[in-house]
Amino acid sequence: MHSNNSIFNEQEVLKELKHYLPSQAPLKDFVHHNTLHAFQDQKFYDGIRSASKIFGYFVSLQLEDYRALYISKRIRENILKRIIAERKGVEHLNEWMKKAIGKKYDTSVSPRIGLLRSVWERKYHLNLDSLVHPYLFRILCSYLDQGISIWSFPVGHEGFLASVKEIEKNSFTSFFKGKRARNLLLGGNCKVEDLLKIVVGDEALYKQYLFDQQFAHQGWSGMVSTIEDHPQSLLNQKKISIHDLIVLELLLEIDTLDSQFGQKWLPVGSKLKGRPDGLFDEVPQTELDEVLSIWQDAFEWSYYDQVLAAIQLQGEIDPVPPFHKSFQVVTCIDDRELSFRRYLERIDPECETFATPGFFGVEFFFQPEHGKFYTKCCPAPVTPNYLIKETGSRRKQNKEAYFSKLSHSLFRGWFITQTLGLLSGFKLALNVFRPSAMPAMASSSAHMDKTSRLTIENKNLNHRERNLQIGFTIEEMVQRVDAILKSIGLVKDFASIVYIVGHGATSINNPHYCAYDCGACGGRPGSVNAKVFCFMANHPLVREELGRRGLVIPEETQFLACLHDTTRDEITYFDENFLSPVNSANHQKNKPVFIQALDFNAKERSRRLVSIDTTLSAEKIHKEILRRSVSLFEPRQELNHSTNAICFVGRRDLSKNIYLDRRSSMNSYDYQLDPDGKYLANVMKPIAPVMGGINLEYFFSRVDNYRLGAGTKLPHNVMGLIGVANGSDGDLRPGLPSQMIEVHDPVRLLVIVEQLPEIVLGAISQQAATYEFYIHEWVRLVAVHPETRELSVFRDGRFTLYRPLTRSLDSISDVVSLIETVKAAESIQIVEATKENLPVYLMH
Amino acid sequence: MLQFFILIPLAGFLLSLCIPEKMENAVSRTVFCTIGSHLLIVLVFLAIWLSHGHPVLEKTGIVLFNTKDYQFLVSFYFDRISAVYLFVGAVLTFLIAQYCRWYLHRESGYKRFFNIILFFYVGYNIIIFSGNFETLFVGWEILGLSSFLLIGFYRDRYLPVKNALKVFTVFRIADMSLLIVMWMNHYLWHKNITFTELADKQFISEHLQNHPLFGVLISLLILLAAAVKSGQLPFSSWVPRAMEGPTPSSAIFYGSLSVHLGVFLLLRTYPFWENISSMVTTVVIVGLLTSIVATGIARVQSSIKTQIAYASIAQIGIIFIEIALGYHALALIHFAGNAFLRTYQLLVSPSAVSYMIREQFFNFVPLHYVDKKSVFKKLEYSIYLLCLKEFHLDNFVYRFFWNPLKWCGRKLNVLSGKSVIVLSAVIFSVGLMCLFNQSLIHPEICKYLPVLFAFAGLAMLLKSFSERKDVLLSWVLVIVMHLYRTLAISLNGDINTNEIILYLSGVIISGVLGYACLNELKSREQDISLSRFQGHSYEYPKLAFIFMLACLGLMAFPMTPTFIGVELILTHIHKDQASLIIFTALSYVMSGISLIRIYARIFLGPHVKTYHATPNKSA
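First to last, the sequence lines map onto chains A and B. Sequential numbering from 6 applies to the first sequence in our numbering. Sequential numbering from 162 applies to the second sequence in our numbering.
If we strip away everything but chain A, and leave its shape as in the complex, we get (with noise of 0.2 Å):
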């Protein structure tokens, strides 16, 4: 695939162009993924390498930051130590030293795309890009326009290409200069093949070009090729393909030459004096990038090596449990929700709490009541065969008058300027002063009203809807719950309530407000998940098919569906009057818990925000990250996923004494109960995609912000509510802004099992696509004994003992006295923001 074939096969080279472009889906479908996910097939340092010297991306830290790091003793000597002696042999450790630490570097990336377009302006004298770009990116963002401009393209049920050509013949107008172009659109001699013979003139660089062209505007051409494979991402559906894009970028590009040097300009390819190297010729390993994947790699361990070791010393757990349960909870894996447990846990030591990711093991469509599409509700690779619908909703939809289209026709808008606008500088006033929700926010409450019915049980199988199944069958409910509950290790001690807690966000003026909900859910929030798994939870058929299984959950208990907003830190109640009146009354006792708790997460999130003093008292912080999560001025309502490093799979007991600062997101899973890994496989399957997709995303929005994230979000504008841009002429923006990531560290995703390594290693090569992120060590996994806690690394294909260099770790006994006395970072620069993570400590 990486040959340099002389002759252009357009459908080849087309297929390998998106397999290099940006995956982003649209803004309302956005879910984490590897940004470099091409690079997959190869291990990290190679494939990065790679994509940094083809694409010209930074794909690390910069030198001097690492050595900044070191100076600042944020990376440790000894492990830098290790790594050298491990890669180079104990014999190089000072000449290798000597390199990481002092030696001087070029370290200016010089890309191999871009290099033949260079020519336009190298030889004559054209900046093209700067003449067709902003153009083109207007007609593709008209046509793929969900509902942003009053009057829409003309045409669109027959394609991208088409529709122009619809226009371009029936129209006085043209939407180009020349002749030659609009000619070659309508006589239909417009083949990708015969316009490059136009431009470029020599065969072996017609790929070349194409690559360069479309890299040129990445965030187009990635969005583009997305739409095309997946159509449904858009609700007003648009049929457009990269073939059709490529076909109007050329034919643009020949018209802006033509109108520049009337016909008579050469192709491209007979200025060139020599050809550049092939894009994907390999790319050698030079010193430089040695010695950079030995900085990630100490920069990373230094870490990982803290966690590792608090893994070992902490103190042993109380080997019998207390007898009573107060209540369990089940939360997602989600980074976010750690601390909210580790609270619940602190103030109710009776209280237990589970976590598996937020879908809870359902997949389905949803369709809320009135809604005239279906919405994805579980992790974005699985297509689900489910419909659940609503009823009996009372959700209103509140307008937002601002957003009307009125106010910018001319005479209605005369009219709205003089009453609304002048009445909108009182709005401003007050959301500046006093913010409070209004109806333009993106709140996890709307996704489903919380008064509402759901349609979850099947009982005719007959009951379809655009060949989706209405509902679960009774055999389906046991199923999934029978495999969550025995995944996560939940089979015997019931309490009388099991709170089954899904996850949303509510931001406001974010574009990206998907990303904040709950990735396991397709970026939704987990309210639905939940209130569908505790009804077949709670059906009295599912319990006793569940006991026949040997799982049997004591009649009194009652599962109870919650949503946990992460930005207000709020909690909702489902179907609270379902409950028995004893719970009801064990319930009420338990409330207060929850408020607690969340007021103190509150507190504990709030040492990020410069906003809020974080010595004040939980309640009144609270109060402020309340008014925080409705301010529009606010650009960060809450920081996501930032800093997420590790991810645990085992019992809570592996990690329970562990302070690890939100970094880490949590599975549960009981090796005893699973002697032959059958459940691990299924639990470690979206681990590496979604976990791991995550933590790639951030890492290299973290490290090239510019070209692999989407920049600073202040100068974004939507563009056709499909993606942003920088101002009005600016290439679409995938990736994550900067105000996601500025304080997150770029190490990788480090899994944490709990389980024997030779089970582990079963567990994880059952699926290809989830191995590679293992074996290529795009996430690193450790596995740790069950019961002497010896640790293990997984490194090509199997796991070898690992040592932690820590031997002590500071310890504290109360959280909050800790996080009151650091300081948010004053710059995002690596060092200074990284101040902001805290170390591992033990908690007593």
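To be clear, the hints were calculated from the coordinates, so they are not data collected in a lab. What you are looking at is a predicted structure, and each value in this text was computed from that prediction instead of being measured. Backbone N, C-alpha and C define an ideal beta-carbon position, used for all residues, glycine too. Honestly, I wouldn't trust all of these hints.
List time: in silico DSBU-like cross-link candidates among lysine-lysine, alpha-carbon distance up to 30 Å [what the hints assert, rightly or not]:
(1) A:Lys184 with A:Lys269
(2) A:Lys109 with B:Lys703
(3) B:Lys579 with A:Lys128
(4) B:Lys538 with A:Lys184
(5) A:Lys269 with B:Lys567
(6) A:Lys840 with B:Lys183
(7) A:Lys182 with B:Lys567
(8) A:Lys182 with B:Lys533
(9) B:Lys533 with A:Lys410
(10) B:Lys567 with A:Lys276
To be clear about the criterion: a stretch of chain B counts as covered by chain A if any three or more of its residues have a C-beta under 8 Å from a C-beta of chain A, and this derived list gives those stretches [stated by the list, open to error]:
(11) 256-266
(12) 321-334
(13) 403-417
(14) 447-456
(15) 521-530
(16) 541-553
Per the computed footprint, the stretches of chain B lying under chain A, defined by three or more beta-carbons under 8 Å from a beta-carbon of chain A, are [said to hold, decoys possible]:
(17) 459-467
(18) 485-499
(19) 766-775
Given chain A, work out where chain B should sit, using these hints.
Relative to the frame of chain A, chain B by itself:
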């Protein structure tokens, strides 16, 4: 009293310059106190003013500079137009400043942003309080520069810098027309006319009777300036392109305050042109065309900010009509409503995604496309396409204003750097000889000499403007232009030596300073050419700042010695020297563009060095 409204933000601005970059809180508090206290005083002042029956206030005769036949007078004026602009401006700026305090947290350039906001606010206040064209012009220039800086706030990206330059060049057209207006006024009234006098109908009609053409020309030039600033046809396309800074700055500048200053200019000069029917008709036509065309363009916009920009321009078109027809109260209410509405709409614009997608989810009605051939359909497609292409407005300014100038400059490219310098030196010495031996030259020829040398100066500027490689040459040519201009004016008659010394002192100080900056940079970076943006402010932010000051000095930015010099020189151009004034005004405009271009090319844009992450050009 009135001058305090300018001094407060000015003091705040100067103070904010001195705060260290890292101290976000100190910066935002300073801004809060400055604009907050300003707002408070404004409210109290307005209350008292209203209770006294809203009299017209004025303060004239603050003499900044005085020679025997020229005074640079700063004067202030306050009436209900100023009152509305003051109220809206103070409230909006205060709210936005407070908004930005958290919004810009941790943004690199936090301090720079607030510096510019305060600078803008100084300019805004000068304009709305100005009592004569000279004062207004000062504010106008400050606003132009702060616009450039704010649009190019993200100075490490290509598009903001490119668009900032674009907007600056468009603004320069307005500057030029104001400059000519000032000169014409000088000859029409034989003194510095104040707006109070302009409101005197008797006085106006008396003067205009003798010079009807002058009246029409002046008012059309005023309209030109207003149309540029308010994004009216054919200058509309700069407004959406100015949306490159952080959203609140776009909201306050291009959504509300800045774009309405053209409206202000028309309102302020209304007494002057209300009886000139050709002017009234033109204003109505411009307003009407703009509102129709801009509405059409707004309808097809698929990005939220550009849609708001065009919708706003369309409303301003209506305001123009309202002014021309004399409905001033309505125009003022309309201005306030439009300003608040667009600010708010821009501020909530990022929320559009979640809100509109939710709405679409519940209310979507698929569009039915009908395939039928008809003239109506053809017309629909044609208009749609025209709107999509913004009626070619974006090209317009370039094609008709700058490209011809660039073309001339390119023609001069046959001359190499050295030959240009030698040639200009030769011509200059010829000029000097003429100057000192003026008595020997035939008076008929003598009459044409100033024009000739002014033209030569302009040619040097064109060469400077189109120079692609040698930055030092480009810089020196601007200085040469100033020398030629002095020569031309000296040849034109009785200018005294003190005036020349003042003028040249400004030129030389800033010229040498800028040369030193460039030389320093060249010695460190070897290759600094003008062929592309180089972004050296990444490594040399301080040098960039000093160089910008030098540019301001050399482009005759208000309150620099050069500026006074230019003002002086204008007074020495006689009434019948239309070509001389045009050359002078053109070279004033071109020098600004050429200098800002040098600044932008060398110090702004994506950094040429790639040892750190840099943005894509298309981003």
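Verification of the hints:
no., hint, verdict
1, A:Lys184 with A:Lys269, "holds, 14 Å"
2, A:Lys109 with B:Lys703, "holds, 26 Å"
3, B:Lys579 with A:Lys128, "holds, 25 Å"
4, B:Lys538 with A:Lys184, "holds, 22 Å"
5, A:Lys269 with B:Lys567, "holds, 23 Å"
6, A:Lys840 with B:Lys183, "holds, 17 Å"
7, A:Lys182 with B:Lys567, "holds, 22 Å"
8, A:Lys182 with B:Lys533, "holds, 27 Å"
9, B:Lys533 with A:Lys410, "holds, 28 Å"
10, B:Lys567 with A:Lys276, "holds, 26 Å"
11, 256-266, "holds (count 9)"
12, 321-334, "holds (count 3)"
13, 403-417, "holds (count 7)"
14, 447-456, "holds (count 3)"
15, 521-530, "holds (count 8)"
16, 541-553, "holds (count 9)"
17, 459-467, "holds (count 9)"
18, 485-499, "holds (count 5)"
19, 766-775, "holds (count 6)"
Figure legend: structure checked against the earlier numbered hints; every hint is met.
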